[in-house]
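**Q** Given chain A, put chain B in place with the hints provided.
Taken in order, these protein sequences are the chains called A and B. The letter at position 193 of the first sequence is residue 193 when you use this note's numbering, and the numbering goes up by one with no holes. The letter at position 173 of the second sequence is residue 173 when you use this note's numbering, and the numbering goes up by one with no holes.
Hints in this document: simulated from the structure, not taken from any laboratory. By construction, the Cβ of each residue, glycine as well, lies at the ideal position given by its N, Cα and C atoms. Honestly, I wouldn't trust all of these hints.
Calculated lysine to aspartate or glutamate pairs in the DMTMM-like style (CA-CA distance at most 25 Å, straight line) [claimed, not checked]:
hint	chain 1	residue 1	chain 2	residue 2
1	B	Lys141	A	Asp333
2	A	Lys66	A	Glu110
3	B	Lys149	B	Glu178
4	A	Lys74	A	Asp376
5	B	Lys72	A	Glu328
6	B	Lys6	A	Asp376
7	A	Lys14	A	Glu67
8	A	Lys324	B	Asp122
9	B	Lys141	A	Glu328
10	B	Lys5	A	Glu110
11	B	Lys76	A	Asp376
12	B	Lys76	A	Glu317
13	A	Lys66	A	Glu92
14	B	Lys6	A	Glu110
15	A	Lys321	B	Glu109
16	A	Lys74	B	Asp41
17	A	Lys46	A	Asp140
18	A	Lys324	B	Glu117
19	A	Lys74	B	Asp50
20	A	Lys321	B	Glu117
21	A	Lys340	B	Asp130
22	A	Lys324	B	Glu112
23	A	Lys340	B	Asp122
24	B	Lys76	A	Glu110
25	A	Lys340	B	Asp133
26	B	Lys141	A	Glu338
27	B	Lys149	B	Glu185
28	A	Lys8	A	Glu20
To give a feel for the contact side, a few chain A residues facing chain B, derived at Cβ under 10 Å [said to hold, decoys possible]:
hint	residue
29	Lys281
30	Thr330
31	His380
Chain A is nowhere near these chain B residues, computed Cβ spacing over 12 Å in every case [stated by the list, open to error]:
hint	residue
32	Gly38
33	Ile44
34	Phe104
35	Ile120
36	Ser153
37	Lys162
38	Ile167
39	Ala186
40	Asn192
Listed below are the residues making up each chain.
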Amino acid sequence: MSISNANKQSVCEKYRSYLEIIYHFGNKVMLMKQLYQYAELMGLAKNFSTFYSGIIELVHNEVLKKETFTAFGKKTQLQMLTLRKYGIRFIEGKQDSYSVASVPRSNGNERILVSIFKNCYILKKLVPRIQKEGKKVTFDTIKNMLERDYSTILLNKNQAIFFMTKLRNDTTLQHLLNVSNVDYDMRRIQEIKQKLAEGLRKGSESTEGKGKGRLYSSSTSPIDDLKNETVIQAERGLTKAEKLDNYTVETMLAFNAHVAQIKFIQNRANVTVLIFDIHNKTNIYRMVTHIACMYLMFRRYFKEDLFLRVGIVSIDEFASKNLKAQAESTFIDFISKERKGTRLSAILSDWGVDALMQERIEVQFTDYNITNDFMDGIKHANLMRR
Amino acid sequence: MARRKKPYIAQFFNRDRLAFSALARAGHVSHKHLQACGLADRRIKNLISDGYIEKVVYKRGNHIKECYKLTKIGRKTASCIFGLSQAYHAQSPAHDLAIAEKYFSLPVELREYWKTESQIRDQFLEQLNDLRDQGKEAEAKLYEDMLNKGLISMPDAVYVNKEGSTIAFEVITNSYGEAELQAKEALVQIMNYKYDTTRI
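Isolated chain A, as found in the complex (with noise of 0.2 Å):
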């Protein structure tokens, strides 16, 4: 039996701020457990019981989907929300279901860790500044405070775009960012975007709809793909200049790398940058190559020179330690078996960030503690499940 419009907008007009607080903050997935943690901060549920009708009533009427998290086809006893169709349709003001896509069914834990990492960055951080200034913690409240701290904490992969517009309409940062090679990034990524869409179009229209096509190609026949030198350049992988080159706040996104913060003291610009590790599986060497690049980039986008603080979150304490330990090792040179600092410094320094740079670079190694308090201390062997 399926359950009327009717009802259904009546329940979500009741539960609306649950609503958005999923779909902004956790890209439509959060962990039961963390919303408890909003409503109980917000005032918006007096305790657990209320809190579970709630959500349940939500849960009856066909709005959001109940899941356990899974890990490595092991059911833990965590549950886990996301939005189901109507409730995307309700937030997003469209006025049929077809207008919305539905939280695609993954194989993977990806979308739902990273949700976990998000939401423990506004909750453990975010949210003390925020009481300590004095406000009210709500919705509103928390979102001005990402908003001003210039943060790409609620934004998801392909929307980079979003952050640069508003790096480049900001009127009082106009006099510190180099103009130019912001809006050539912008061009850049929106190219590549305009490229995906089309492709995703052709492939829909060559397979009736059913099919998803090819992504990055967007020419009409194989021969043409020969001569176009993209594929080529694709096939051989990129080499190090043309990473560094490339490297933009889209890149950042898909690395589960945000900007947390961006603040600027005497016209020089202080960035914190968090990255996620969310598998714990990533070694240090991919991470410190992302933040080389990074560090280039943002060099590219200021006039001052800048001040990069790296905020590296693993997923608990040793992890956290393992990567520490990693990155202060000594490096001993493969040929001339020469001890040339910590492993650190030398893959900055490998990848064009020399030792002056290297002083404007901060790195810490923090965890949020994510094992024992969201997954009942259970160490699991894969988080990937796949």
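**A** Below, chain B without anything else, positioned relative to chain A:
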């Protein structure tokens, strides 16, 4: 043949942590020791089929015996999940099993203070830096030269006993020369440890 896609081990528990720390600290560990950590036979089998540990067969006298050591993946997992960096570099089974014997003879709460060879090395280098900070440049230089020439060598492990004193532990096999033993003793003196050896 149908291959199993799913790995055997999905979650790690405390008993796995105990086993992994024993393996990372002693190199080779016998079946009996793994069972003492709380692992069932099936679990040991699963650890092998997922590639975390491997079985090593060795000959002792006229008997053929088996023991286990960490694989590369196993070492990576140990450092990623349990924070056990700088695992002991496994040597010959007989040598390492003597270390494991010592490790398991300690009470559980003291095992956390166990230090592997590379951890001792780091501590030693740190102490050299401390000496430099105190202005004892000559002394530090002397030790550094000694280390480079092989006149100072690290013992296999350092542990803390019930009385709270730190003890360096060394397993001596018949391939050890006189100079090597002296080098180890030199370090023990510098670092102010007590010394404990086993001959196998």
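**Q** Does the alpha-carbon distance linking Lys340(A) and Asp130(B) stay inside the 25 Å limit?
**A** holds (20 Å)
**Q** Does Glu178(B) lie within 25 Å of Lys149(B) when you go C-alpha to C-alpha?
**A** OK: Lys149(B) and Glu178(B) at ~15 Å, within 25 Å.
**Q** Regarding the assertion that Asn192(B) does not contact chain A, is the least Cβ-Cβ distance greater than 12 Å?
**A** holds (25 Å)
**Q** Please work out if Lys141(B) and Glu328(A) have their alpha carbons no farther apart than 25 Å.
**A** holds (23 Å)
**Q** Given the hinted pair Lys74(A) and Asp41(B), is their Cα-Cα distance within 25 Å?
**A** holds (22 Å)
**Q** Hey, does Ile167(B) actually stay past 12 Å from chain A on C-beta?
**A** Label holds. Min Cβ-Cβ 25 Å, cutoff 12 Å.
**Q** Between Lys6(B) and Asp376(A), is the straight-line Cα distance small enough, at 25 Å or below?
**A** Holds: Lys6(B) and Asp376(A) sit about 23 Å apart, inside 25 Å.
**Q** Does Asp50(B) lie within 25 Å of Lys74(A) when you go C-alpha to C-alpha?
**A** holds (17 Å)
**Q** Keeping to a limit of 25 Å between CA atoms, is the pair of Lys324(A) and Glu117(B) held or broken?
**A** Holds, at roughly 20 Å.
**Q** Checking one constraint from the list: CA of Lys46(A) to CA of Asp140(A), max 25 Å. Satisfied?
**A** holds (20 Å)
**Q** For the pair we were handed, Lys66(A) and Glu92(A), check the Cα-Cα distance against 25 Å.
**A** holds (21 Å)
**Q** So, as I understand it, the hint says Thr330(A) touches chain B; can you test that by seeing if any CB pair is closer than 10 Å?
**A** holds (9 Å)
Checked against the numbered hints above, the structure breaks none of them.
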